[in-house]
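S.K.: Build out the structure end to end from the sequences listed, making use of the hints.
Number of protein chains: 2
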Amino acid sequence: MDIITDIKAMQDRCFAERAAGRTIAFVPTMGFLHEGHLSLLREGRRRGDLLVLSIFVNPAQFGQGEDLDRYPRDFARDEQLARACGVDLIFYPAADAIYPDDYATFVNVVGPLTTTLEGASRPGHFRGVATVVAKLLIIVQPQVALFGRKDFQQLAVVRRMTTDLNLPVEIVGMPIVRETDGLAMSSRNVYLSDAERQQALSLSQALARGRHLAAEGVCAVGEVLAALRAMIEAQPAARIDYLRICHRSSFLEQERIDVDSVLLLAVTVGKTRLIDNGSLLDEAEAC
Amino acid sequence: MDIITDIKAMQDRCFAERAAGRTIAFVPTMGFLHEGHLSLLREGRRRGDLLVLSIFVNPAQFGQGEDLDRYPRDFARDEQLARACGVDLIFYPAADAIYPDDYATFVNVVGPLTTTLEGASRPGHFRGVATVVAKLLIIVQPQVALFGRKDFQQLAVVRRMTTDLNLPVEIVGMPIVRETDGLAMSSRNVYLSDAERQQALSLSQALARGRHLAAEGVCAVGEVLAALRAMIEAQPAARIDYLRICHRSSFLEQERIDVDSVLLLAVTVGKTRLIDNGSLLDEAEAC
Chain Y
1 MDIITDIKAM QDRCFAERAA GRTIAFVPTM GFLHEGHLSL LREGRRRGDL LVLSIFVNPA
61 QFGQGEDLDR YPRDFARDEQ LARACGVDLI FYPAADAIYP DDYATFVNVV GPLTTTLEGA
121 SRPGHFRGVA TVVAKLLIIV QPQVALFGRK DFQQLAVVRR MTTDLNLPVE IVGMPIVRET
181 DGLAMSSRNV YLSDAERQQA LSLSQALARG RHLAAEGVCA VGEVLAALRA MIEAQPAARI
241 DYLRICHRSS FLEQERIDVD SVLLLAVTVG KTRLIDNGSL LDEAEAC
Chain H
288 MDIITDIKAM QDRCFAERAA GRTIAFVPTM GFLHEGHLSL LREGRRRGDL LVLSIFVNPA
348 QFGQGEDLDR YPRDFARDEQ LARACGVDLI FYPAADAIYP DDYATFVNVV GPLTTTLEGA
408 SRPGHFRGVA TVVAKLLIIV QPQVALFGRK DFQQLAVVRR MTTDLNLPVE IVGMPIVRET
468 DGLAMSSRNV YLSDAERQQA LSLSQALARG RHLAAEGVCA VGEVLAALRA MIEAQPAARI
528 DYLRICHRSS FLEQERIDVD SVLLLAVTVG KTRLIDNGSL LDEAEAC
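Sequences listed follow chains Y and H, in order.
So the first sequence is residues 1 to 287, counted in the numbering used here.
So the second sequence is residues 288 to 574, counted in the numbering used here.
Calculated from the structure, these hints are not laboratory results.
Here a beta-carbon is modelled for each residue, glycine too, at the ideal position from N, C-alpha and C.
Take the hints with a grain of salt, since some may be wrong.
Here are the in silico distance ranges between beta carbons for each label pair [claimed, not checked]: (1) Y:Leu201 x H:Thr292: 52 to 60 Å; (2) H:Pro455 x Y:Pro112: 30 to 38 Å; (3) Y:Arg22 x H:Asp389: 44 to 52 Å; (4) Y:Gly217 x H:Arg360: 41 to 49 Å; (5) Y:Pro123 x H:Gln485: 46 to 54 Å; (6) Y:Asp96 x H:Pro410: 30 to 38 Å; (7) H:Thr292 x Y:Pro100: 32 to 40 Å; (8) Y:Lys271 x H:Arg360: 23 to 31 Å; (9) H:Asp389 x Y:Arg229: 41 to 49 Å; (10) H:Ala303 x Y:Thr163: 15 to 23 Å; (11) Y:Arg22 x H:Thr310: 47 to 55 Å; (12) Y:Arg22 x H:Pro455: 34 to 42 Å; (13) H:Gly308 x Y:Leu201: 38 to 46 Å.
M.R.: Here it is, written out as structure tokens:
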């Protein structure tokens, strides 16, 4: 397994791999790998001749007062986990290589896709995401790039950006990986105290409850959201940022739940902001 | 010479050319080719195994009330001229292929580079330029792309964008090509009536006068600009949009002329907006 920090060296290497006829599968991450990331790497291993992992805590996607400085990092551990997943190449650039002093170019996806939900709560977040993902895809030149569905809106932004900029890559979204008690895996889960960890279960429990209600035919969005809001607000350390039922591709809010409905929620538990999401109705279920 | 309109076909073709070890030189244009464009094509022919010309009148770089609808077009003539310059491949996409209905991604270069001069007069112009050039470079994958220095600020924006997004391409700026009487070549010159054509000479004459003054040691920017302004305003159909002396790379205004000074001007003659620019002092001259 090679570790490359230099952008030009990385781009040249990937170009040579492509020229030699190899398929590149790419998993971009901010490191501090968990089972969610590892599921992407395993799928990437299956799909590519060369499996590339990038580790870059992207300053451009953090807002003022967010957790950039304390975001968890452990490169030695990530390296071990990557090796165990069959990663061929880790791209591990420095922040001032990706964004030199005179850096001035940003990729913006406009419209409801980036102004609602995470976009409303974290101004500039998706600009930072779209910019760094565009740069990484241009450097790594993968045929396939894999992203987790936990960041559901991010996945939609990345798909929109790659299509619009004609980047010749297939974007693959992979299922959320959860702890056995249902908590969605996140590098930020390490921030949680034991008490907060318990209250954080209200996110996945709300999702399960929403699915149950929809399956029972309770499809008025207002009614479902009121029930879920009450569940979460019963947790003393939990503060809802947003709790919304939207169409999976337009991200417009719905009045009635259907097969295209996705529940999206962001909840701050103590000082830790957590997100989760999921569809509410299977194709098979009516509403 | 092949003509390709389909984006995917173009990208696949260029990928195959690169994979076969060929160097791609690329000249992006809005068509209605003149000697300025042809000088780019001849230099591109020298630099690339495969010479690619794109012709695309880019709606995203035109503002409301600008001349998108009446911008001159003559594909048959362009095709002949391209063939005579040894072009291998014309990329000629439709507007709704480059910008489909659900298109939402824009490349923004921020800072004085895009907010002054053309950026101030034409809001959104450089966003349109940076977006389409990024897309074209991703589709065509050239090692070398050639641009004219008549659009001096555009060239700087393109350089900034390609560096920032890690696009692996050398951006080459080529000298302004002028009519024998000094008028900078532009597709828009066809808009000019005979009387306007005469008055349009005030742009290149102002530039020549600025160079003369600087060479004589008149280096106070205020004094030089006042003299040039008077020259242009003596033309009844000419209205100055901007007339500025700036540092060639920061685009910040200067107080004294030095070897990094560039005179940039935009003047509307009748209904036609013209631009011109040039440096004022050679390395050899003191000021």
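S.K.: Each hint: holds or not?
M.R.: Hints and how they fare:
1. Roughly 55 Å separates the CB atoms of Leu201 of chain Y and Thr292 of chain H, a value that falls within the hinted 52 to 60 Å.
2. For Pro455 of chain H and Pro112 of chain Y, the Cβ-Cβ distance of about 34 Å falls inside the hinted range of 30 to 38 Å, so the restraint holds.
3. Between Arg22 of chain Y and Asp389 of chain H, the C-beta spacing of about 33 Å breaks the proposed range 44 to 52 Å.
4. Between Gly217 of chain Y and Arg360 of chain H the beta carbons are some 58 Å apart, a value that contradicts the proposed interval 41 to 49 Å.
5. The hinted window of 46 to 54 Å between Pro123 of chain Y and Gln485 of chain H holds, with their beta carbons roughly 52 Å apart.
6. Separated by about 31 Å at the C-beta atoms, Asp96 of chain Y and Pro410 of chain H satisfy the suggested range of 30 to 38 Å.
7. The supplied range of 32 to 40 Å is met by Thr292 of chain H and Pro100 of chain Y, whose beta-carbon atoms lie about 38 Å from each other.
8. Taken as a hint, the range 23 to 31 Å is violated for the pair Lys271 of chain Y and Arg360 of chain H, whose Cβ atoms sit roughly 59 Å apart.
9. A beta carbon spacing of about 32 Å between Asp389 of chain H and Arg229 of chain Y contradicts the range 41 to 49 Å that was offered as a hint.
10. Between Ala303 of chain H and Thr163 of chain Y the C-beta distance comes to about 22 Å, which sits within the given range of 15 to 23 Å.
11. For Arg22 of chain Y and Thr310 of chain H, the hinted distance range of 47 to 55 Å is not satisfied, since their beta carbons lie about 22 Å from each other.
12. The supplied range of 34 to 42 Å is broken by Arg22 of chain Y and Pro455 of chain H, whose beta-carbon atoms lie about 18 Å from each other.
13. About 57 Å separates the C-beta atoms of Gly308 of chain H and Leu201 of chain Y, a value inconsistent with the hinted range of 38 to 46 Å.
In this structure, the earlier hints numbered 3, 4, 8, 9, 11, 12, 13 are contradicted, and the remaining ones agree with it.
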